[in-house]
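Protein chains in written order, with our numbering: chain A, 1 to 114; chain E, 1 to 112.
Everything labelled a hint here was simulated from the structure, so no lab data went into it. Be aware that a few hints might be false.
[Claimed, not checked] No more than 20 Å apart at the CA atoms, straight line, and that leaves these computed lysine to aspartate or glutamate pairs for EDC-like: (1) A:K65 to A:D11; (2) E:K42 to E:E17; (3) E:K42 to A:E102; (4) E:K42 to A:E54.
[Stated by the list, open to error] Facing chain E, according to a computed beta carbon distance under 7 Å, are these residues of chain A, among others: (5) V29; (6) I98; (7) E102.
[Said to hold, decoys possible] Derived Cβ-Cβ restraints for the label pairs, each shown as a range: (8) E:K69 to A:T20: 25 to 31 Å; (9) E:A53 to A:F75: 24 to 30 Å; (10) A:T20 to E:Q14: 44 to 50 Å.
Each residue gets a CB set at the ideal place from its N, CA and C atoms; glycine is no exception.
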Amino acid sequence: SAVISQKPSRDICQRGTSLTIQCQVDSQVTMMFWYRQQPGQSLTLIATANQGSEATYESGFVIDKFPISRPNLTFSTLTVSNMSPEDSSIYLCSVAGIIYNEQFFGPGTRLTVL
Amino acid sequence: EDQVTQSPEALRLQEGESSSLNCSYTVSGLRGLFWYRQDPGKGPEFLFTLYSAGEEKEKERLKATLTKKESFLHITAPKPEDSATYLCAVPNGGGGADGLTFGKGTHLIIQP
Numbered sequence: 001s002a003v004i005s006q007k008p009s010r011d012i013c014q015r016g017t018s019l020t021i022q023c024q025v026d027s028q029v030t031m032m033f034w035y036r037q038q039p040g041q042s043l044t045l046i047a048t049a050n051q052g053s054e055a056t057y058e059s060g061f062v063i064d065k066f067p068i069s070r071p072n073l074t075f076s077t078l079t080v081s082n083m084s085p086e087d088s089s090i091y092l093c094s095v096a097g098i099i100y101n102e103q104f105f106g107p108g109t110r111l112t113v114l
Numbered sequence: 001e002d003q004v005t006q007s008p009e010a011l012r013l014q015e016g017e018s019s020s021l022n023c024s025y026t027v028s029g030l031r032g033l034f035w036y037r038q039d040p041g042k043g044p045e046f047l048f049t050l051y052s053a054g055e056e057k058e059k060e061r062l063k064a065t066l067t068k069k070e071s072f073l074h075i076t077a078p079k080p081e082d083s084a085t086y087l088c089a090v091p092n093g094g095g096g097a098d099g100l101t102f103g104k105g106t107h108l109i110i111q112p
């Protein structure tokens with residue numbers, strides 16, 4: 001399985017500001033995914049990021065709030081824009097494995113918005 | 001809409017006390033059911049993929065089984081280090097490599 005790292009591991013931000021989260025993979029992957037895990041909740045898919053194309057967002061998530069970049073096959077960023085306390089969550093990236101649909105997750109970024 | 005329901009929400013066992021966790025799903029054409037383990041403050045760790053009814057997979061004290069409507073994660077003679085939240089998930093529809101829809105998880109505590 002791929003080794004996935006995320007930066008930062010945690011951050012505390014003021015409302016109205018933006019934070020960019022980085023996801024780095026140690027091998028080239030086609031599909032990368034971004035999830036949100038709100039306190040005490042399970043994971044919810046935000047968007048799918050393919051290299052060379054626009055990210056595909058799930059219902060309830062929009063590009064203006066969560067812009068995503070995917071400049072190459074080993075890296076992606078998720079920006080949480082104009083943050084409010086409701087954005088306080090763990091944000092996780094994942095990659096699809098060699099076997100169809102299996103996914104492997106990074107360690108997550110714990111975001112607290114004051 | 002695909003749905004994944006896990007039960008119980010929480011389970012407390014004594015060390016060595018075997019039990020099972022349930023994952024019920026409703027999907028239009030199953031393309032895999034996935035089990036993950038998540039420790040506090042960490043990302044989910046992949047455990048198993050099941051593709052067809054009757055399939056079983058084992059790893060140490062864990063065994064996952066699949067029927068047409070649900071999956072079970074059996075834990076045999078658990079140890080305190082098995083304490084974690086166990087999540088099941090199914091691929092979203094649409095073809096290709098898809099994002100996953102997760103259940104809410106079962107929070108498992110194994111007491112020494």
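### Message
So, against the hints stated earlier in the document, which numbers end up violated here?
### Response
2, 4, 5, 6, 8 and 9
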